[in-house]
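Chains A and B, in that order, give the protein sequences.
At position 210 of the first sequence (counting the first as 1) the number is 210 in my numbering, and the numbers step up by one without a gap.
If you want my numbering, it's the 1-based position in the second sequence plus 1000.
Please note that the accuracy of each hint is not assured.
If you want the footprint, here are the derived chain A segments under chain B, 3+ residues with CB under 8 Å [what the hints assert, rightly or not]:
| hint | stretch |
| --- | --- |
| 1 | 12-24 |
| 2 | 105-111 |
| 3 | 155-165 |
| 4 | 231-243 |
| 5 | 263-277 |
Just so you know, these hints were derived from the structure itself, not from any lab.
Glycine included, C-beta positions come from ideal geometry on N, C-alpha and C.
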Amino acid sequence: MIKLENVTYTYMEGGPFEKTAVHNIDLTIPDGQFIGLMGHTGSGKSTVIQLMNGLLKPTDGKITVDGSELWAKDTKMRDIRFKVGLVMQYPEYQIFEETVEKEIAYGPSNIGLSEEEIKDRVAKAAELVGISKELLSKSPFELSGGQKRRVAIAGIIAMEPKTLILDEPTAGLDPKGRDEILYKIKDLQKRMNITVIFVSHSMEDIASMADRIIVMNKGRVAMEGTPDEIFVRSDELINMGLDIPEVSKICNELIEKGYPLKKGIYKVSEAVEEIRKLKEKR
Amino acid sequence: MVSDIILGQYFPGASFIHRLDPRSKILMIIAYIAAIFIINNLFGYIVLGAFLLISIMNTKIPAKFMLRGLKPVMFFIVLTGAFNLFLTTTGKVYWHWSFLTVTDEGINNAVFMILRLFFLIMGTSLLTLTTSPIMLTDGIERLLSPFGKIGIPHHEIAMMMSIALRFIPTLLEETDKIIKAQTARGADFESGNILRRVKAMVPILIPLFISAFRRADELATAMECRCYKGGKGRTRLKVLKMGAIDLFGWIFIVVLFAGIIACNIFIV
Ligand SMILES: Nc1ncnc2c1ncn2[C@@H]1O[C@H](COP(=O)(O)OP(=O)(O)OP(=O)(O)O)[C@@H](O)[C@H]1O
Ligand SMILES: [Mg+2]
Chain A
1 MIKLENVTYT YMEGGPFEKT AVHNIDLTIP DGQFIGLMGH TGSGKSTVIQ
51 LMNGLLKPTD GKITVDGSEL WAKDTKMRDI RFKVGLVMQY PEYQIFEETV
101 EKEIAYGPSN IGLSEEEIKD RVAKAAELVG ISKELLSKSP FELSGGQKRR
151 VAIAGIIAME PKTLILDEPT AGLDPKGRDE ILYKIKDLQK RMNITVIFVS
201 HSMEDIASMA DRIIVMNKGR VAMEGTPDEI FVRSDELINM GLDIPEVSKI
251 CNELIEKGYP LKKGIYKVSE AVEEIRKLKE KR
Chain B
1001 MVSDIILGQY FPGASFIHRL DPRSKILMII AYIAAIFIIN NLFGYIVLGA
1051 FLLISIMNTK IPAKFMLRGL KPVMFFIVLT GAFNLFLTTT GKVYWHWSFL
1101 TVTDEGINNA VFMILRLFFL IMGTSLLTLT TSPIMLTDGI ERLLSPFGKI
1151 GIPHHEIAMM MSIALRFIPT LLEETDKIIK AQTARGADFE SGNILRRVKA
1201 MVPILIPLFI SAFRRADELA TAMECRCYKG GKGRTRLKVL KMGAIDLFGW
1251 IFIVVLFAGI IACNIFIV
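Modelling step: build the complete structure from the supplied sequences, incorporating the hints.
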């Protein structure tokens, strides 16, 4: 469980371009859930998740991971980072190894695992993100942008963290590849019972995957709840400059035209069901 | 950490020093550096210190911010001081142990070296903090233009400098991101012997080099797309003009020199 209490973070404190990216946030991330984190560009999403695994030190406030306080004297920050795995935004720029296999193995080997264990984990992680066996011995710099992204994601998954945080992992991937990775991550989360925090701009992705949604706006948590609770408030989402799923838009328009549909529909199947009911009533 | 490096950063403002013509400012900094080196006693440094303090106060840059610029070079300052302090063997000996000696001359040299470095860094930071990179290179280009006649590519030199300056913050930001990404993967930069620490830098340096080359490549393409072809015949949007304000600036510099020379001659 990750807990943020009254956390504030200011970039370049004291400088001319000082910028408080996160204001007084209180947040609890329970274990075993798939959490969607959304918000407008610059709302502080990347900052919050970097605070969660101790890449940034809060200007103010307290962060605990499974009860141990980050930045306390006797907390080993490296262990925290093995527990809370973070795939940064555009992770393909962190690639440095000679082969894809070594690249994915970098994280696990930092944990200090045995050779066999590392090999096993690399193979599993590569398969999960859709990197085929032939690619493992290739140079990662020969891969396409999307493939590099997958390798970088695999590099964190192979560390088998208890909490996996992904910062817009699907930005710039083709729709098919995107769905594939999302589905695999969701599957991993259920199978291994880990926590996933998924940062995304895409409502469709979040709506279909998340157990819980956190919406950030201007460095603060604007909304928090289940998808049902969040998408009922579609007006507020739109006011914050966010998009809502296409189905929700259609349903909202139908409601506006006077059809007595339920509010806050965000799944295609649900919409079909509701519209069919409406038709039968007539 | 990385954000402590203030070199190449611009601190916007509208103070007297901000508004000086960049050519004046560059020449003034050269004069200031000359002053640092002709001073031969502590009183001269007090005069120079007062001058620096007034200048910093004028720019409205917080002193804390200025001093932060010293942090990354602290190591060199301390090292230089220590070398001078312990390795000078001439003069009256106060303390001696194996190859280390402390003498009055050594103390003197150490204090002077530290002061000189301090004033150098503060002064040059003040130049880059109060002059936007564009103005700075414009100034350099104009100052170098007489050399153009003897075949020195002054425009290209200025362009290279402005690109280098422009990319210092970008590359620092990039370094920060890469360090974070590798830290998240459990990289350990702090423990182990020297060899291990150097090896730990590889995952940072390789992505950094790749990104620097990629950026250079992209920039070259972008410049070519806009038909950039060097200095000849280029006109500019803002033409530099010296004014009364520069005259005032130079009066200050002359006063500074008079003070320092007076200190040198009259106080021994
Ligand atoms: N390294 C930095 N230095 C200074 N300011 C920063 C830095 N990183 C982010 N910021 C500022 O902090 C605020 C929040 O940034 P953050 O990256 O957390 O946003 P985000 O929600 O992840 O946005 P995006 O969706 O575009 O990735 C922004 O206003 C940004 O300008
Ligand atoms: Mg972000």
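Against the structure, the hints come out as follows:
no.	hint	in the structure
1	12-24	holds (count 4)
2	105-111	holds (count 4)
3	155-165	holds (count 3)
4	231-243	violated (count 0)
5	263-277	violated (count 0)
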